[in-house]
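Given the structure of chain A, go ahead and fit chains B, C, D, E and F onto it with the hints provided.
6 protein chains.
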Amino acid sequence: MRPSGRNLDEMRPISIETGVTKHAEGSCLIRCGDTHVLCTATIEERVPPFMRNSGQGWVTAEYGMLPRSTSSRMRREASQGKQGGRTVEIQRLIGRSLRAGVDRVALGERQITVDCDVIQADGGTRCASITGGWVALRLAVNKLIKAGDLISDPLMSNVAAVSCGIYAGQPVLDLDYPEDSEAGVDGNFIMMANGQLIETQMSAEGATYSRAQMNELLDLAEKGVAELVAAQNAAVA
Amino acid sequence: MRPSGRNLDEMRPISIETGVTKHAEGSCLIRCGDTHVLCTATIEERVPPFMRNSGQGWVTAEYGMLPRSTSSRMRREASQGKQGGRTVEIQRLIGRSLRAGVDRVALGERQITVDCDVIQADGGTRCASITGGWVALRLAVNKLIKAGDLISDPLMSNVAAVSCGIYAGQPVLDLDYPEDSEAGVDGNFIMMANGQLIETQMSAEGATYSRAQMNELLDLAEKGVAELVAAQNAAVA
Amino acid sequence: MRPSGRNLDEMRPISIETGVTKHAEGSCLIRCGDTHVLCTATIEERVPPFMRNSGQGWVTAEYGMLPRSTSSRMRREASQGKQGGRTVEIQRLIGRSLRAGVDRVALGERQITVDCDVIQADGGTRCASITGGWVALRLAVNKLIKAGDLISDPLMSNVAAVSCGIYAGQPVLDLDYPEDSEAGVDGNFIMMANGQLIETQMSAEGATYSRAQMNELLDLAEKGVAELVAAQNAAVA
Amino acid sequence: MRPSGRNLDEMRPISIETGVTKHAEGSCLIRCGDTHVLCTATIEERVPPFMRNSGQGWVTAEYGMLPRSTSSRMRREASQGKQGGRTVEIQRLIGRSLRAGVDRVALGERQITVDCDVIQADGGTRCASITGGWVALRLAVNKLIKAGDLISDPLMSNVAAVSCGIYAGQPVLDLDYPEDSEAGVDGNFIMMANGQLIETQMSAEGATYSRAQMNELLDLAEKGVAELVAAQNAAVA
Amino acid sequence: MRPSGRNLDEMRPISIETGVTKHAEGSCLIRCGDTHVLCTATIEERVPPFMRNSGQGWVTAEYGMLPRSTSSRMRREASQGKQGGRTVEIQRLIGRSLRAGVDRVALGERQITVDCDVIQADGGTRCASITGGWVALRLAVNKLIKAGDLISDPLMSNVAAVSCGIYAGQPVLDLDYPEDSEAGVDGNFIMMANGQLIETQMSAEGATYSRAQMNELLDLAEKGVAELVAAQNAAVA
Amino acid sequence: MRPSGRNLDEMRPISIETGVTKHAEGSCLIRCGDTHVLCTATIEERVPPFMRNSGQGWVTAEYGMLPRSTSSRMRREASQGKQGGRTVEIQRLIGRSLRAGVDRVALGERQITVDCDVIQADGGTRCASITGGWVALRLAVNKLIKAGDLISDPLMSNVAAVSCGIYAGQPVLDLDYPEDSEAGVDGNFIMMANGQLIETQMSAEGATYSRAQMNELLDLAEKGVAELVAAQNAAVA
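Residue numbers (the UniProt record's numbering), protein chains in the order written: chain A, 1 to 237; chain B, 1 to 237; chain C, 1 to 237; chain D, 1 to 237; chain E, 1 to 237; chain F, 1 to 237.
Isolated chain A (complex conformation):
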């Protein structure tokens, strides 16, 4: 029934390749089916003004799509003179999600910026950015630990994200673009490795959903996140 022929609760193939750029403190290229995102983590020994002298660190994120990551070319945001509302919304979500898994006191007064750049898009780019972004963050933190710059590990848990939605009347896991563009209801679920929720965003455009349907999607999301966490752990091992 799904355009890809997948089962309702079947994820796309996941691949996470680490160490893909020589400059970044942590990096990976995450592929969730045909959605490919390059994630890099940059460590800076300073925090934004609002965090100075707080004894705590900060984790933030930026998101972008290459102009031809999509089926038809998008205008380059840099040449348009501003980031669109969707971009701003997504990068705020990525940053907030990753911070939920960080003990900012243990991180100390430094900032880690996670850049997520979509090389190729086929649905679920914000979820792939969070899942891949966490890997880049993990690798950067490992580097700090190895260098003796951290006393304890500031990462409290994996953070991973998956989208689910109601497609053709059925709850499905890990929407690809053909599903995403047709689904009446879709949600993004960001969780820790133990299934605790960090953020839930579930919206309907021109439709609605019941609490029962919300619970069905949460069941799917728990399954998907468990698989993503396994892939993260394999990648950073």
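Mixed in with the good hints, there may be bad ones.
Given that identical chains are not distinguished, each listed pair holds provided it fits within a single copy or across any two copies.
[Claimed, not checked] Here are the computed lysine-lysine pairs in the BS3-like style, where the Cα-Cα straight-line distance is at most 30 angstroms:
1) Lys22 x Lys223
2) Lys82 x Lys143
3) Lys146 x Lys223
4) Lys82 x Lys22
5) Lys82 x Lys223
6) Lys82 x Lys146
7) Lys22 x Lys146
8) Lys143 x Lys22
Since the hints were made in silico from the structure, they are not lab data.
Using the frame of chain A, we list chains B, C, D, E and F on its own:
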């Protein structure tokens, strides 16, 4: 236990005054405790380029805060040269939520813009904007119906929104600013009159939540939205 | 002869409601007929860079119109990415006018920002902003005096403003929108309580005026300002 | 008593050199003492959107200062990404003033843009821009008349401007920079050749003025404008 | 003598992988040593306004660097609100260079946009962008030819680019970042397959060069471009 | 054969008038035929952040065109909200070229900004800006020397620039606008007084050139620069 002395499941006093500006096709001043938002609805007999010749209408929203709606003065976005990420995120949410309650074919090729301007802020401005924005929308649509410009009512249901969160370890309804700034987890729940969900956004900054907690907040939200819908109906009667 | 039926030298009804927002140090909602402006005054214990270490304070103003304060909706300046020329011109005038009534040495090195946001427009918004802005400023200064933060009162006089113009060949006081949009000549007169002039702006678009006509308008303006000063004094009493 | 040694009612030397650029339809370099402004008039056979199909023409103006036209270098507005409030205010004034002298029906549906670029500033740049801008406009219109593109002359009168102020307690004509920066009250007076007023802007920063003082400045302005009109006529002859 | 141990006239290893994104009409990932650029070509069946109804096509280019393509993180241009001067300069050069190899009449009224996004930078990104951009362009044109949308091949020749410079007093081919940051003189040479020059940019910061030195660099460039052309041909075969 | 009737190797008449504005530390109006550029040099006793505490000075340049310096009016960059790509490219070139002739250690920690504003354009504005900009720089440095603020002269040589191109199949010196707009190949050559090269930019739009042609243009450029250097020396003498 709550700073305001309210019960855990107690809303702030709601007041919705309609017809507050002479120019707008629909308008109201909604007061949820000390949060006051002026909502106006503007009808235009044209749709944005991406909707032209679709036979469907469009509903969109814009959001702003007066510089001194807050405890300390915020910089005016117009003089800063752009809307901040939070503003963009909120106005997209308002527009999406209101559209969920609209039959866009029945609306016909016209656009209704709902402006939500926060006069005084004390937490929950986005929820008040949605609840009040629906009233302005309802009044503008009523005007079209009365003028014979619509064959059937394009509004399928009330749309209302409330925030809930976990404050001092307890689930509480309708967070005010002192609660909002302390809550580890908070969510915005947008629903129709019958309790069907339109959008759920539940996030934790530096914390997490379980599915059980999510369900507790949903229970509170259902109670709150029912009260808001009653207030909307009383206002437009 | 006037669309409103007023006499040539008759002001619109004036109402000044104070204390309309809980956060601002001073605030009022001024209504000059159907022109309604919300004015707030914000005290900050710092001055702009060009005034630092001068021993003097600063008073500045910002002006905005809500998108649907007007008959047809205006684009929101924040979403357009800049303040229009008219806005910039008006807020510079408000600031300059209010400063004329302030002893900046007596104010000390602090800044008061007066925000004037037009809720509903029907002509004369800049004059209403100055007249209402002075009330907000007066209330904020009273707060400083009461708190013992000022040795002497830095406000030397009321500052109030009224527009006059030549409408249908006759000099008229306090133009409303139907008059303003038809008048060949119109002027804004900003004065102190004793009738001393602070600023005169009198312009003709596609027309001209004689010195005799200018004097007729000044006569009207003196009458109008006296009534505005009385309303200010009643409001702050 | 004046820094320049001039009499109270004495203008600076005026020079208006025409035909200074080969491309513009009309051009002049006006020198009022050490204030030098290059004015060009450009004719385009189209009007802005709001004037289309009105049967009327439009005259508009833009104003700029070269970065080192002033004593210390100003930042270039093009590199700052926007025109400052003062620039916007001035160019609106120039356009409005020149339009007052134009029969826009006689001009026909075409636009004339007058660019005023300050090469060297020593006070009074906006007045010099209006006076010189009118010469450029006159020359461009002459070209249209000569080419047979106009049936009747759309210029109804010369338009010229001069500043006056109260300096060291005395009313003085045609302020230069040392006077302008010290004057408590200063005004710009835009008039036609017959002394009819087009625009009056008279302001006091931290001071006030009486109607008697206003009349003294108007007397000076009439004298100054008469001399400027003579210089304009000599230049275009 | 070179930091990399290369001979003076030795290029870095070149690799050009084609078909790297599924959406673009043509794409490649070019690697010149540690400089990696993703190039995509997008065909649109419309031309910019200035080319409409000319019977000719247009080729343009955009350039960007991922924030962490460099040794320390660069600010994202999209979030800064504008493309920097260097970016603008480079993308104009890429577009101009590629157009030199295109018969725009044979291309017909369509536009091809070549996006060059630097994934990892180690000197010579603009040259890699041109060389890789040509491959993406070639593949996109091949697609048009295969689909029967072109009668004759609009690409007249390969276009490739290499940098040379004077490093430690010696002329060297294909500067990497350590060389580039030290070189007193460096140049970019864009050529066709037959060695004809399209663009030469040779500059010295705080130094100069003789015509003899310029000729030495041109000799090196001819050698380098020949190798790049061979790599291009191998990639598109 | 040339539209102007000049010989292939004949420059346009050069005139350099110095001291044209009273405020700038150095200034000139350079006229190369009908191309007229006003150049001013401003000395500031501070350097940009990236040069602080380096013991070295900085020379930078800005470039602009008056809106009606061209045949049809260009939009004013200040009102467009940004400098175009061409402007940015040119002002970076001017700055880089002038710096090549400066011993920045001898200059000491101060900045000289050279503003080049095109009053009238007829081709070759960037070359005229460099040649005239050097004169303004020379005069400003002379002022520092005369005031005893410099121990040794930081200007190591004249810097001058000329354009050459292939017009109607022939190499020609000092292109004017009619030639520039038709030339298939054109180049800008920036040199020192001794003929050493500072920057070469030679480009072909939709065409190519051989090394032999490049050498012919270099021969012409050497002749032209020699004449420009003589004119510079005469002007500053």
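Here is how each hint holds up against the structure:
| no. | hint | in the structure |
| --- | --- | --- |
| 1 | Lys22 x Lys223 | between (34 angstroms within a copy, 29 angstroms between copies) |
| 2 | Lys82 x Lys143 | neither (34 angstroms within a copy, 33 angstroms between copies) |
| 3 | Lys146 x Lys223 | neither (33 angstroms within a copy, 45 angstroms between copies) |
| 4 | Lys82 x Lys22 | both (29 angstroms within a copy, 27 angstroms between copies) |
| 5 | Lys82 x Lys223 | neither (37 angstroms within a copy, 41 angstroms between copies) |
| 6 | Lys82 x Lys146 | neither (38 angstroms within a copy, 38 angstroms between copies) |
| 7 | Lys22 x Lys146 | within (18 angstroms within a copy, 39 angstroms between copies) |
| 8 | Lys143 x Lys22 | within (14 angstroms within a copy, 34 angstroms between copies) |
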